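Peer 1: Required output: the full structure, derived from the provided sequences and hints.
Chains as they are written, first to last, in the working numbering: chain A, 1 to 354; chain B, 1 to 354; chain C, 1 to 539; chain D, 1 to 325.
One thing to keep in mind: the hints can contain errors.
[As the list claims (entries may be wrong)] Each computed DSS-like pair below joins lysine-lysine, with the alpha-carbon atoms no more than 30 Å apart: (1) B/Lys299 - A/Lys299; (2) D/Lys131 - D/Lys161; (3) D/Lys131 - D/Lys305; (4) D/Lys39 - D/Lys305; (5) C/Lys77 - B/Lys299; (6) D/Lys86 - D/Lys282; (7) D/Lys282 - D/Lys311; (8) D/Lys311 - D/Lys110; (9) B/Lys299 - C/Lys444.
Calculated from the structure, these hints are not laboratory results.
Just so you know, these numbers come straight off a predicted model, no measurement behind them.
So you can see what is in the structure, the chains are spelled out below.
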Amino acid sequence: MKTTLHEDAVSAPLLSAPLATRVVSPRTRLREALERGGIVLLLIVLCAVFTWCEPVFLGVDNLFNILQSAAIVALLAVGVSITLAVGGFDLSIGSIAATAQMAASYVLVVWHGSAFDAFAACLALGVATGLFNGVLITRFRVPDQLATLGTLFLLAGLQLIPTGGRSLATGSILPDGTETTGTFPDAFLAFGRARWLGVVPVPVIVLAAITLVAVLVMEFSRWGRVLYATGGNETAARLAGAPTARYRIGAYVASGAIASVGGALIAARVGRGDVGAGHSLLLDAVAAALIGYAVWGLKRPNVLGAVTGAVFVGVLLNGLTMLNAPYYMQDFIKGALLVGALAFTFSIGRKTTR
Amino acid sequence: MKTTLHEDAVSAPLLSAPLATRVVSPRTRLREALERGGIVLLLIVLCAVFTWCEPVFLGVDNLFNILQSAAIVALLAVGVSITLAVGGFDLSIGSIAATAQMAASYVLVVWHGSAFDAFAACLALGVATGLFNGVLITRFRVPDQLATLGTLFLLAGLQLIPTGGRSLATGSILPDGTETTGTFPDAFLAFGRARWLGVVPVPVIVLAAITLVAVLVMEFSRWGRVLYATGGNETAARLAGAPTARYRIGAYVASGAIASVGGALIAARVGRGDVGAGHSLLLDAVAAALIGYAVWGLKRPNVLGAVTGAVFVGVLLNGLTMLNAPYYMQDFIKGALLVGALAFTFSIGRKTTR
Amino acid sequence: MSDAPVVLDARGLSKRFGPTVALADFNLSIRAGEVVALMGANGAGKSTVVKILSGVLAPDSGSIALRGHPYAPASTKHAKTLGVATMHQSVADAGVPTLSIAENLLLERTSSARTRWFATPSSRLRDARGIAARVGVTGDLRAPLSEQSVATKQLITLARALDNDPAVLMLDEPTASLSAAEAQTLFEAIDALRARGVGILLVSHRMGDLRRIADRAVVLRDGRHAGDFPAPLDCDAALQAMIGRALTLRRAESGKLASAVDESATAELAINESAINEPVHSTSTHDTAATIAPVRDGATHAGDTARHRGFEARGLKLFDDAPPLDFAASRGEIVAIAGPIGGGKSRLARTLFGIEPIASGSMTLDGAPWQPHSAAQAIASGVFMLGEDRWQTSLFPDSVPFASIEGTLSFPFLSRWFRRGRVARRHERRVARDAIRRMTVRCKGPSDRVVNLSGGNQQKVALARWHVEPARMLLLDEPFQGVDVGARAEIVDILRANAADRVTLVFVSDLEEALEVADRVLHFDRLRIETLTDFLAEH
Amino acid sequence: AGGIANAPAPFDHGGVKIALVNYLSTGDFFQAYEAGAQKQAKALGIDLRIYEGRQDASQQRDQIQQAIDLGVAAIVVNHGLPESLKDVVQQALDKGIKVVAFDVDLANPKVPQVEQSDHDLASLLLDQAVKDNGETFSAAYVYVPGFAPLDRRDQVWQSFKQAHPGVKEVARFGTVDNQIAQSVANEASAAYRAHPDVRVVFAPYDEFARGAKLAADEVGNASKLRIYSADISTADIEAIRTPGSPWVATAATNPAVVGAVSVRAAALLVAGQDPGHHIEIKPTLITRDDLVKNDIHTVSELGAKFQAFRKSDAAQVAWIPDANL
Ligand SMILES: Nc1ncnc2c1ncn2[C@@H]1O[C@H](COP(=O)(O)OP(=O)(O)OP(=O)(O)O)[C@@H](O)[C@H]1O
Ligand SMILES: Nc1ncnc2c1ncn2[C@@H]1O[C@H](COP(=O)(O)OP(=O)(O)OP(=O)(O)O)[C@@H](O)[C@H]1O
Ligand SMILES: [Mg+2]
Ligand SMILES: [Mg+2]
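Peer 2: Shown next, in the form of structure tokens:
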């Protein structure tokens, strides 16, 4: 991860320029502007095109609809970005969300728990998994991607066991033959379905809130600085007296918790424990998080970028379906735009070396 | 995946490898032996257990059957390992395999091509994709994981277009309404189904051959050294005269080609082109490649480890199915063993520092 | 002075790494306001001492007292909070390349739980400026650290060390990559601390520096205490204690290698005498000019004769707006290109090596036009370069399977030696053994991992690499970084012994080093080149 | 698209927007289903908007909402999870949009239910299995829970085992990892080796059956085995026909027909006519012998032989032109 993504750290001596001798020509300024705004610009262009072809696209309902459909992926992407920032990589978010979703349903349908209980269960699961990842990585020195991949499989299996692999809804049969009797309370369903003032979907509000907090922490708080420092050069951070291990664990706990909130949202939207849910979440979230590198030309993991990335993909899919592009074209166009946007952003910001 | 570049490395003790002429206590020697053999040992224990519960397990047929089922994941894992060695990470292998498999079927069923044509088409596709990845990464400076993720989506979509998202077999309907008439020639099917001397499945032979070549190149040839050097410290490698960019492209071409062979094997075995982005292939391959870090206690990407990792998982699944473990237990146990083995291997190899 | 209270008192420290005894029963005490120099050859154990005192390593045995209380730092953080600040030898550990200078300066503060959790970027910048001021770093603190020169990185690290007013400050090779002027700023900072009663432990290979500020020198040899030397420092005695034999510096003249301790030693002393009270830079160079420079410049001023065997640059411009460079160096000659850090030496070196484009002008090698366009091509045609900062430009991290001495040595020549691809370990090992012998690298064998070598020995390995094959031109960028006097003398010998049939260009920021190694010294700053005499005439 | 003469409004001047919201799109069945729907839509001059399904229930919700925003005349819901659909469907109905559901029970009087009866389908197969193998045999069962059709077929299998104590389920496996056939084959061959006594494989999904057959060929116990599966495609027919194939029977409806029916039902609703609340398409049992005897190679030839398979007159009225599938 680190080696590949922060390569300028390695090529540094080739670029070394004495402190504060940066002469900025208008051309470079334009280039930098493009580098910063590249993807955002593309996003705006896209919206324009879609609106032109299908006016409904710009309708308030539809825009919130897009945000809503992007919300869950965006949440997970925020989580991944945080772990990327500490030089890690949480591959388990997808299955955390899926498992949390099953857990919530189990609490509601089998244990007749309240909406609160279900939500608490989700969070507990997310935090626990995050701790588990963190400890594996810091105490047992398992490489991040390896540890979280293990957790991925672990959860993917675990979530199936209580129900014997079946989906979980009122009246579904448990392995022991009993039939479930609990139901999803409206309070819980509202969490995923209600709209504030009948306009803004709750998931969007949740996303906004979490994003706000994450941005504050990552960009403006000392914790965020230490997280990035740990990712940039753990030894240096440790020598500076930062409890890097604890921070890394923290990052995984955070991403676990956020992912589990995503899971709760899924459960609330679907209204049952769906075994198939969230299988494509991981890749989409990672895609969003990595697009985030490019969004503001920061070339480092960042929360706002990740969210933008998720919305970007959401807009694309929504617009394309509106234009009735066959679904098999959608994946392709998604990929093509992704690759194009990236090639553009990264090559434009490239410095000449040999 | 993380590299530390510095002098009297504060973390040097962590990295310091056993030295040739070092007086070691029997305890350390045992520890190092475990560190090296940990996972292999576990593998043997597993086999023993399975055999004890189900004697058929150790039958020659079944063993080859395991190898056959592990072959494709193993192939992809070899590819990933090569890209990991240059400090990259090829996330597109899964979809390369899936697409190659469709391509082969298309050549056979729609264009009535020969087995050779189909195979050539696969390879061409793999090499082309590898080049594409490599150029994105080296020329356009797109971070590896980002570039290959883009390619992943690109291919996932691309493979659907010719058939409009349908699977390809004799008699499937193309988007233009025509019905396909070609068939899979036996020559091609044999590539995935035949057994040498009626015992060794061809895929296993293919795997063995490719592994051998890969190991020779990666561990014993100068090319392998440049690859690892590029991954370790690209600047140093470049200053020492290595055409690092070309080597990185090379690595991706190699992994692309290998993945496409995997795809051809799938097509030949199943006898049709199944749509599907090959996400599970990707995950399993990455898992295998990362287990490879641990296998010989090398803690770095390595081909032999990756193959062992794949076989490890293959044994697990085969054995569990024999014991009639419900499929949802399999993922769980897979994950548990994975995590356990890794925590073990990595923590045992750790030396005390602060 | 001597009645000042003892702030740090270490007794019987020992540390082994496998079979290597890095430190054996070592005692050290530092008084308030005292500057103690820790001297020792490469691998003597200096960094080990520093690491133990700063809580990076735990001693195998021994006890430490800080201000009379037992002191056993559980971690670097702990050490810091107890009042022991450290500037480690490796710049790479020092900062976070991906973060801005400001954020690096504030790393300690952000890491400490006592800091307020929220801060606007602007307020951060303000705080950072405050810290930067202490060591005279100015300018845009938002630039990423990765774009800074080694010197700037070092100054930033020091600034951080000073920030949390320590009782004891340890500096491991602080001046290794500092120009005289920058060293001066550093020393002033140290003087200020001394006045505030901070105890200081200074590890350095530069006699000049030590004589300038050390109150006392403690010498280590092979991890053992080998003598205490009060100020004024008796260099010869100290060096002798360090290396265990009378040091014989070679007279700086190409060809003959007559040993003559007296002249060059005194020459060096001459420099150092004057270095004590006056600012190092100007005076020392004046003396040098007086004693040595004219002779040197007289030696061989390779003119623009046609068929000139060697390297020649005509109207070479590194940038469009840079002055044209004209200079030549013949085969068998060692030319030092000396000048302050950030003057463009590395840039020039990389240009000659062919990995930086030239704006205009021409270069010739042995009369034939020299226009390389890649490292590979340069190496193939016998032009080698040793980059500055070994861990960035030469060595491979331990995660690389062949990051052993032999693997590091053979890497550039794999394609030359093993055309058909298969790497023959035996050949590699033979070459490595030979190199280890010639370079006197302190190690167990060719298969040693490079990370486990001491700084100086790592540097020797990096240098040795470019001596396993004959070179037409050898470019050395800061080859003496973190190399002790003894080793430096050895390296100089090696360079001379092999200089006979090649052009050797040494790019150094330390004049002392330049004078020791070179037949001829060219001064280079702001991309402008001139002979040392001309340069000195101007001053 | 132009309108149809003497069709009720709004079909008389075409351009009616209808949305087809899928839960799953991949796989032969759903592809054929979509194709059938497309054809019928074209015949009716309908502008059919197809929403891809990625087996993601919450996405399906979003898509229905999107369709509502788009102002379609009717929505065809193809599969899905009732819990996640009921409320959004209600929203659609409230907005006056007609809704037809295929294979997902929305339990809403306003919503006609098109169904391929999985119950019948499974029982057809199992009865055939008993006919072929007698009352007592040990079986391997390929099943992955969590997919509505498979779960419904599973219920039949469970009650079947109750009713036939002679039937022993000695092995159970299954996976939906891509490529499904290949992953199932890996498991199946292990199961066959561990349980040589297996005579019957109940694989109520043709991807599963393909894997089971592949494994049988590899292990070499094809001659001792009979595989019973659901769904059919030309490729399946070829696989069933191959000499010595253990795949002896499959039960299926023609997905294209089902697709067409769904669209017709929606069209009727839009035209203000009643397609009836419960529209069922009966599955057909297709045995190896049928295929060989009648020399059937493709689905279309199959249609020629089996009336029920080619076309269904469910939701069929005079003014609706034939989709000629
Ligand atoms: N992590 C380690 N593992 C094994 N040996 C080590 C390790 N660290 C240091 N050593 C050995 O301990 C000895 C002392 O090393 P140290 O770095 O203290 O020397 P030094 O005095 O700092 O030399 P230099 O001036 O070159 O930096 C050396 O022989 C070195 O090889
Ligand atoms: N684009 C440019 N145009 C003109 N001069 C430049 C340009 N970029 C850098 N310089 C000058 O070139 C010199 C080299 O800068 P650099 O930071 O590479 O120093 P350096 O080569 O690392 O110096 P040293 O190796 O001596 O420490 C500096 O004096 C700098 O002012
Ligand atoms: Mg040192
Ligand atoms: Mg330099």
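Peer 1: What's the verdict on D/Lys131 and D/Lys305, does the C-alpha distance respect the 30 Å limit or exceed it?
Peer 2: 23 Å, holds
Peer 1: Going straight from one Cα to the other, do D/Lys86 and D/Lys282 come out at no more than 30 Å?
Peer 2: OK: D/Lys86 and D/Lys282 at ~26 Å, within 30 Å.
Peer 1: Need the status of pair B/Lys299, C/Lys444: alpha-carbon distance at most 30 Å?
Peer 2: Judged against 30 Å, a Cα distance of about 24 Å means the pair holds.
Peer 1: For D/Lys39 and D/Lys305, compute the direct alpha-carbon distance and say whether it is at most 30 Å.
Peer 2: Since the Cα atoms of D/Lys39 and D/Lys305 sit roughly 22 Å apart, the hinted pair holds (cutoff 30 Å).
Peer 1: Quick one, are D/Lys311 and D/Lys110 close enough, alpha carbons at most 30 Å?
Peer 2: 26 Å, holds
Peer 1: Hint check: D/Lys131 vs D/Lys161, CA-CA at most 30 Å. Holds or violated?
Peer 2: 15 Å, holds
Peer 1: Regarding the pair D/Lys282 and D/Lys311, is the alpha-carbon distance no greater than 30 Å?
Peer 2: 11 Å, holds
Peer 1: For B/Lys299 and A/Lys299, compute the direct alpha-carbon distance and say whether it is at most 30 Å.
Peer 2: 28 Å, holds
Peer 1: Can you confirm whether the C-alpha distance between C/Lys77 and B/Lys299 stays at or below 30 Å?
Peer 2: Given pair C/Lys77, B/Lys299 holds - Cα atoms ~29 Å apart, limit 30 Å.
Of the hints listed earlier, there is not a single one the structure fails to meet.
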